[in-house]
Every structure is written in structure tokens, then in C-alpha cells.
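Enquirer: Go ahead and model the full structure; you've got the sequences and the hints to work with.
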Amino acid sequence: MTILQTRGVAKNYRIGNREIKVLDEISLEVARGEFLVVKGESGSGKSTLLTILSGLDRPDQGRVFIEDLDITDLNEDALAPLRNTTFGFVFQSFHLVPSLTALENVMFPAELRGDPDARGKAEALLGRTGLAARMSNFPHQLSGGEKQRCAICRALINDPRIIFADEPTGNLDSINGAAVLQLLLELQRERGTTLILVTHSPEIAQSADRVVTLKDGRVVSDQTNG
Amino acid sequence: MVNLRFIGRQMSGAKSQCSVFVLCVALSMITLVSLGSFRQSVESSLLRDARSLHAADIIIHAHAEPPAPLQSAVADLERGGEIKSARFWEFYSVVQKEGGEDSLLSNLKVVEPGYPFYGKVLLASGRPFREQLTPGSLIVDQALLDRLRIGVGDKLRVGQATLTVRDVLLQEPDRPVNFFALGPRVFVSAADREALGLTGRGSRVDHVTLIKVKAPKDLRKTAAVLRAAAGDSRVRVETYRNAGSRVKRFFDNLLFFLNLSGIFTLLLSGFGIQSTLFALLKEQERTIAVMKALGARSRFIIGHFLGVTLILGFIGTMIGLAGSLALQSFLPTLFSGLIPAQVTLKVSPFAVAQGMLIGLLVVLLFTALPLYRLKEVKPRAIFGKEESGSIWNRATWIIAGAGALFFLSMVLIRLRDLKTGLYFMLALTLLILAAYLLARLTLRMLRGREPESLPLRQALKGLFRPHNASLSIIVTLSAALAVIFSITLVEKNLDASFIDSFPPGAPNVFFIDIQPGQKEEFARMLGPGAGHYPIVRGTVSAVNGTPIDPEQERRSRGDNLGREFNLTYRDRLLSDERLISGASLFRGDSPETQVSVLDTVVKMRKMKVGDTITFRIQGVPVTARISSVRTRTSGGLTPYFYFVFPQAVLSDAPHTVFSAARIEKERISDLQNRIVARFPNVSVIDLTETVTVFGRIMARLSTIVRFFTSFSIAAGVLIVVSSIFATRHARIREAVFFTMLGAKKRFVFVVFAAENLLLGLASGIIALFISQVGSLIICRRALDMSYHPYLGESLLLVLATTLLVMLVGLAISIPILRQKPVVFLREQTDE
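If you're matching them up, the sequences are chains A and B in order.
Number 123 in our numbering belongs to position 123 of the first sequence; there are no gaps in the numbering.
Number 770 in our numbering belongs to position 544 of the second sequence; there are no gaps in the numbering.
Since the hints were derived computationally from the structure, they do not count as laboratory data.
Worth double-checking, as some hints may not be accurate.
As the list claims (entries may be wrong) - List time: in silico SDA-like cross-link candidates among lysine to any residue, alpha-carbon distance up to 20 angstroms:
#1 B:K1046 <-> A:R14
#2 B:K970 <-> A:R58
#3 B:K971 <-> A:D57
#4 B:K971 <-> A:I71
#5 B:K1046 <-> A:D60
#6 B:K971 <-> A:E76
#7 B:K1046 <-> A:I71
#8 B:K1046 <-> A:E76
#9 B:K1046 <-> A:D57
#10 A:K21 <-> B:V1048
#11 B:K508 <-> A:S99
#12 A:K121 <-> B:E676
#13 B:K970 <-> A:E76
#14 B:K829 <-> B:D785
#15 B:K971 <-> A:T85
#16 A:K121 <-> B:E678
#17 B:K971 <-> A:P81
Said to hold, decoys possible - Some chain A residues flagged as far from chain B (calculated, every beta-carbon gap over 10 angstroms):
#18 E25
#19 L28
#20 L69
#21 G120
#22 E123
#23 S174
#24 S207
#25 K215
#26 R218
Think of the CB as a built atom: it goes at the ideal place given N, C-alpha and C, for glycine as much as any other residue.
Expert: Here it is as C-alpha cells:
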């Protein structure tokens, strides 16, 4: 069953007098529970595609659907519930709130939703990811791998249907990166969450269900891994 | 090599911070130039021509007829052609319309021909003063004509004489402002003095002899001769150079307070400059690290950023000057009623030059530390792995010490009084220390809090955001607000003590210069309940055998022992007095002459029961031993006396009687008319009218002081703005995170609003606490009056403060709220 669909999505950026086409008429369908990797070289448009798929940005042309809901023209307040309960985000730069502890960072989306068991869920997730002893530490007191694990817990606390991950191992060494990726995949499989991950690493692409390759803003390849 | 492009890029890349820096400099310039120009305007218009201000070269001032040797010396010098002299007598008396219907307390000046030797008395008719003030005529203030509803040509009863109003007074050279007076001015010719019957022995009259010396070089010599002739009487012989003009003293005192607030504003503006520069340089830290990695030396970097600060300082200076010019058009309205219309307030070139120099020094002083710390930025900051060391190292202490010395010098130069300057610096230090400690305590109490509300919880966390200047914002704002709150509280208490509330039954009309022989009839006229107090004029010449130096005493800012006192005698305490030292008012078993003193006297000079005071009463030295110290149990305008003697000591001395009574307001005018008709020598002072005038002047003065103090609030607000700008990246990041995680705009708005509300509330409450303690001390100790906390009004002040900080913070935060998540994320990815 399709959980996410794009039709003819295009995006341009204007820099001075130049108009740069970043995405060129991309149409995609992503199935529920699928692990999709969007691959491409630097400047291929993969991060831009991710921001459009997740509603963080609007396309100049085309439509984006989340479970038959057209989110293309929704305003920020209308997108807020989707971001809180339907989506989860994991970024290369972690993006944890510096003034909140690891536990508070993870709790936050659940508290926004009014979940009375936010603390319990956050503690369980942090325990599951090996951060039980680091719950009351602030982000600047955590290592890169710990920060990313914390960000993954935060992305999962509201049981989102889709996780968007933009180069989640980009700022980590190979050992930490592999550990974080493994954790992400384990949790994704446990919960049946759809995972859309952007990377330029072929190794990561190998573990995906499907790989979409972008070049110059276009899909040049869309392969299902056996 | 100066890289101007680098300097330009730094400024254009940090427009918000640069704007705040410029505004802080502009604010300090406006304060310095406005106050400096005001001083210059007043001094050049009113005070420069000191001869006109005193109408003479030498001024002899006495409270009775000058001693015979002095009068002879004057006559001798005049006969020898060395001087010219002219006397005048100044006193209060009630003048009455012919026919006896209306009367008015007026300030009379009976002048001999020759007055004034310098300056001109301007009249409405334009005619010369000497021509118009002939025997039988009066020259009066327009206010008198308006109050009594008479015109030129009408007659007035003054004392025992009836005189004709001849002209209207426009300007008097030795009294350029008249708000000190309890009544309008009336000029009378000296030829009519005897006929008035008001300047006899015992009357409360200022006897002034003006002297014009023929040869200016003989000024000092002549003054010395006259001083020697005056002997040790309390007659003051002064030249125009050293005479204390009341007008000058008033403006000196006003400028004193304005300068205090100006220095405070300068200090806060300096902190604003420093915090803005710290924030600006913090943003540039990576750039600086990269430059150092490429080989740039600290000297190069510091030099270029110094260039940035000097250019910004120059822009701020120009804006400040423009602001000062604009302010000049508003100042006449602000000072109206206090300065004569002919005084032109304008920006003074000297004040501009002085302001620019001081402004430059302040900029250099407050930017020294942020610029110096650029030395400590290492190339590894590129990787964001720098931990800032402790700010309190040797350089910080040296720069802080230089700053303290600079401000102390500023205080001493502008206030011209070492003791007061040191007290001011101490008070300022205590204020900032108190604000700092209370702010730290408040933040510590807030740190662990976990309120139920999520936006409030996030707002609390935001206060402790890395690099957030919550502590410095609260300290600066609460210190500035404490000053404004204190002015408001002290003013309200002064109003309550002297203006608004007359305790029921307290006397509201005073009668002075009643002769002993008139007392009984006068008492019958007033009826029962009136108080009658004998008054003997005297001075203090020594305490415990140590002579008093009247000149030295008169230089002190408050009341002093150098003046003449109203001594009285009685054998019991008044109903609003109690003893604080001594078993009884007087000791029954002592053969010595005794005196009871009010605690106010003990504050002027340390003394205690058993000490001796030597008085000079009607020229006779009287030494008395202090038998008790009294204090008043009520504030306000009820009669009280600093020195009380036993009845037996002074009852035979020449004296007048002072009476005080409670009269219904509607009866006062009629009573005054009857009294002046029957006892023309008696002056009637309607206190309710006096305190209304006093209240109006007080209100005007406190408006002026508050206006200039509000600049310090502006400085505090600029620091809030600067801090928000400094943390805007962190705020944008938080706003984006919240949005990404599903928070609506309203949530983010409420979090920022709550954070600013907490800052404003904390600042307001701390300011309130400090101001309540400070105002209590000022009212009880310095002003010797009761204190009321006015909690309702105080809470309104706190509320207003909180709203102000919240609104300013939100206004600056709105662009942050509008930031789209994707723009931020893209910038992060690009990095």
C-alpha cells in the first residue's frame, strides 16, 4: 500500500540572475514499511527531495501526497500535526535542542502531543539504544554517536509512520556510523516504519529495500534490491 | 595594511548588533551633550554675570541692623569716594486691597536709590526703575494684580501705609527665577520704610547693603576692611565672586542630581556597548580562527575590529548629536516654570566637544575587554571545539579597574564634591552588587523548576540557553529600574508627608512676627486651640568650646549650624515630641543654663547630653549644657524647634511670637484680612497654598529627573535587544526544532513570550525589592520622615516593566518566528 507519492515534483533555486533546476519532474511512490534509499552525488538534489517529501519545503511544480492527503499547499500549522505524529526526522547534524537533556529532547514530541506517558516511553527508548546512563546529560556532553542515537529515539517516540533521515551517519566515524545505521534499521523493522534515507554511500544503499538514484535532479535509476 | 573591505563586510554582516552598538553610543552622547549644554546655557544666561546676579560688587547680609562699626566703615568709605552703597530690606508681609476685602502674602523689597548697581529692573511700562519707584508708589508682580484683581493705579495697604501701584515688574536682576518665593514681589521705596512700620526690631527682615567699588582692583581690600568691621557678628560680607546665590545653589543641586542620572546612563550604555561587541565578536569567532589559521596576527585582527568600533562609535556620536539638537526643542517645555523665558537652551560647542571626548573614552574603555579577548581565539575554534576560559583573568581586572577609576573621575569632575562622589560610587556599587546577587539567586531558584505547562517549561530552559545573557539582562534592567522606582516612591512619600496629608487637627496657618504686646489680643482673635511660641533669634558660635566656622558650615549640602536659628523657651514637650536621650526635658537640679536639642541637630554635628553649645543671642554669648535630645513623632509641617531653653533663660530676651492654628479653608482669607487690618506687621502663611506650590515644583523637578533617568531604562532595553540578537541563531534553531517536531507557530510564540515575561518579571521584582529598601533608608535616614511602601503602585510599576520587556523581546523575535525550517536546515547542510 502506498504511503507516500509525488507527481511531477520540480524545484528551482534562484541565485542572483541564475535559475538553477534542482529537481526535474520527479514522480515516486513509496510503499508502507519500505526502506528506501535516495542516492546521488553531491548536488544531485537528494536532500532537496527529502525536504519536499517531508513537507519541510514546497515544490515549484507537482504534488506530494501522504496517504492520499495532498500536503503540497498545506501551511505550517496544518503540517504541524503531521510532523509530530506521522513523521520522524533524523539529520546529519543531529539538531538536538542544546538547553534540553537527552531525556527531555526525546520526550519533547510526545509532550507536544499531550502524551501522559512521555517520560516512560522516552526512558524505554533511551534504554533500548544504550543511553540509559546518559539521560540527564546535555547534548554538548554526548559523543556524536550518542547524539545521533538520541535523535533516533526522538524521531521514534510518537511511533511515526515515516522516518526521514538525511545522511544520518555523515558526521560519524565508520564504527559509530555502522552502529547507528544498524540501530535505525532494527527499530524500523520492529515497528514496520517506512524509512526514507538520503545518502551518497553505496554501502548503506546495499541494505535498502529499494534504491532511487538521482543525478542532476532526475531519477536515473530506481532499483529494488533482491 | 588596513583592509577596508574587511571592515565594511564585518559591519554589513552584523547589521543588528551594529545598530544596537550605535544606539548605545548615541544614547550616551545625548545624555552627555544635553546635560552639558543645559549647564552651559544656565551658566551663561543666568550665572555668568555674577555682578548682575548680586546687583553689586560686595554684598553685606544681616538678619538685623548691621553693627555700628560696620555702618561707620561703610559711611567712611563712601565719604572717601571709594564706594557707593545702597541698602534694601527684604521680608514677607501681607498686603491688602484698599477697603480691606482681599489680602495676599507678598515678598517685599524696600530699596534705596542706587539699587541695582548692576543689571536692570525691567518694567512693563519700559520706563526706568528709578523714575517709577518714587515715594508712595509700588512696583509689583503681575501675579499680585491677578490674585487681588487690581490694576496699575490702584492702592494697596502695606503695613501701616497705603501706597499706589505704579508699574508692573518684568525682571529683577538679582532674582532671575522666583519659584522660591512664597508670594509675589512688591518693590517699595526706602523713603516709605518708616511709614510701613514693618522693619522694626525683632521683625524677620533680611538687611542687605550693596556696595559698588570705584576701582575693581580694590574689591578684595574693601571687602576685607568691611569684614573686619563686622567683627564676629553673623553678618556676611561677600563679594560677587564668592557670594552664594540661591539661584546658583538651586541649579547646582538640580544639575547635581541630573549628573548622577547621566553618569548612571553612561555606565549602562557602556555595558550595552560591551555586551553588543562581545556578541558580535562571538559570531565572528570562526572567521577569526580561520584568519589566524591563514597567518593573520592578533594585532591585525584587533586593529581591524577596533576600526569597526571606532566607525560605529563615530556614527553613534553623529546620531547622538542630532538627537541632542532635537531634544533642545523639547527641553524648554520640560523646564518651563523653572528657568526664565529669556534663557535660551541650546547645544553648546564646549558640551559637544566634551561629550565627544568622554564618549570616545567610554567606547574605548568598554570595548577594551572584548577586543583584548580576541587574542585568545585559537585556530582550532574552526572545529567548534573551543571552551572559553574564565573571564576573570588579570587583563579583566586591569580593565575593570581602569573603568572604575574613569567613572570615579567623571563623578568627581561633574559633581565637584569628593565626599558625595565617593558616596555615589559606593551606592552605585552596592546597587549593582545587590542586583547581581538577587539575580543569581532568582536564576538558581528558577533552574530546577519543572512547571506543568510545556511552553513555560521550555521558556525556563531558554533562560539557561548556552551564551544566553539572562544574568546580565536581569542585573542591568533591575539596577536601572530600581533607580526609577526609588524616585517614584520617594516622591510619593514626600507628597504624602508634606503635600497631600495634613493630619486632622494639625495647624495649617502660621502667623509670624507677632509682637509680645499683641499676643493676647491675637490669641483671642484666633480662638482656643492655636499654639503660640516665643521666638528669639540666635546663632551657634561653638560646640564644646570649638568655634563654628559659618562659611564651612554653609558649604554642606543639607541643613547646617552656620545659619540663624529660631530659639524658643518652654518647660514641657510638645504633643508630637518625645525624648530619646535624657531623663527629662531639663534637669531640675542643675544650676547651669540648659538647652534641649532636636535629633536633627545631632545629625549636623555629633553631640550628646552633657555637651555644651555656645549661642550668640542678640549679640550676647550664652553657653548652655545639653539636657536632653528630642525627636518628633510625626512628620509634616507642624511647628518644631531645634533648640528649646527653659522659660527662665530667655523669657526676658526681646522676642516675637509665632502662632500656628488650624483654620477651615473658607475662613482663612477673611481671617487674614482682619489680621492684616489690625496687625499689619504680622505675616500670615497659608500652608495649604504653600504646599500646593511646593508640590507643583516638586512634581516638575521629579519629572525632569525621571526624564533623564529614563535614558538609563533605554540603555537597559538596548541590552535586552542586544542579548536577543546575540542568541538569535540559538533561538532560530530552537524555533526550527520545535516546528519540525510538530509545534505550531503559537507554541513557539508563547515560549518566546514566556521567556521574555520571566526576564521582565524577575527584573521588575528585584528592582522593586531594592527600591523599597533604598527608599525606606532615604526617607527615614536622609529625609527624616515616615515611609509608606505604596505596594499597589509598586506592583503596577512591575507590571509595566514586565510588559515592556516582553513586547521589546517579542518585537525582536518576530523575524525569528517567521524563519522557515528549510532555510535553516539548508544553511546547516551547506556548512
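Enquirer: Are the hints correct? Go through all of them and say.
Expert: Taking the hints in turn, this is what the structure says about them:
no., hint, result
1, B:K1046 <-> A:R14, "holds, 17 angstroms"
2, B:K970 <-> A:R58, "holds, 18 angstroms"
3, B:K971 <-> A:D57, "holds, 16 angstroms"
4, B:K971 <-> A:I71, "holds, 18 angstroms"
5, B:K1046 <-> A:D60, "holds, 16 angstroms"
6, B:K971 <-> A:E76, "holds, 8 angstroms"
7, B:K1046 <-> A:I71, "holds, 16 angstroms"
8, B:K1046 <-> A:E76, "holds, 9 angstroms"
9, B:K1046 <-> A:D57, "holds, 9 angstroms"
10, A:K21 <-> B:V1048, "holds, 17 angstroms"
11, B:K508 <-> A:S99, "holds, 19 angstroms"
12, A:K121 <-> B:E676, "holds, 19 angstroms"
13, B:K970 <-> A:E76, "holds, 7 angstroms"
14, B:K829 <-> B:D785, "holds, 9 angstroms"
15, B:K971 <-> A:T85, "holds, 17 angstroms"
16, A:K121 <-> B:E678, "holds, 18 angstroms"
17, B:K971 <-> A:P81, "holds, 12 angstroms"
18, E25, "holds, 20 angstroms"
19, L28, "holds, 19 angstroms"
20, L69, "holds, 16 angstroms"
21, G120, "holds, 16 angstroms"
22, E123, "holds, 16 angstroms"
23, S174, "holds, 19 angstroms"
24, S207, "holds, 23 angstroms"
25, K215, "holds, 19 angstroms"
26, R218, "holds, 20 angstroms"
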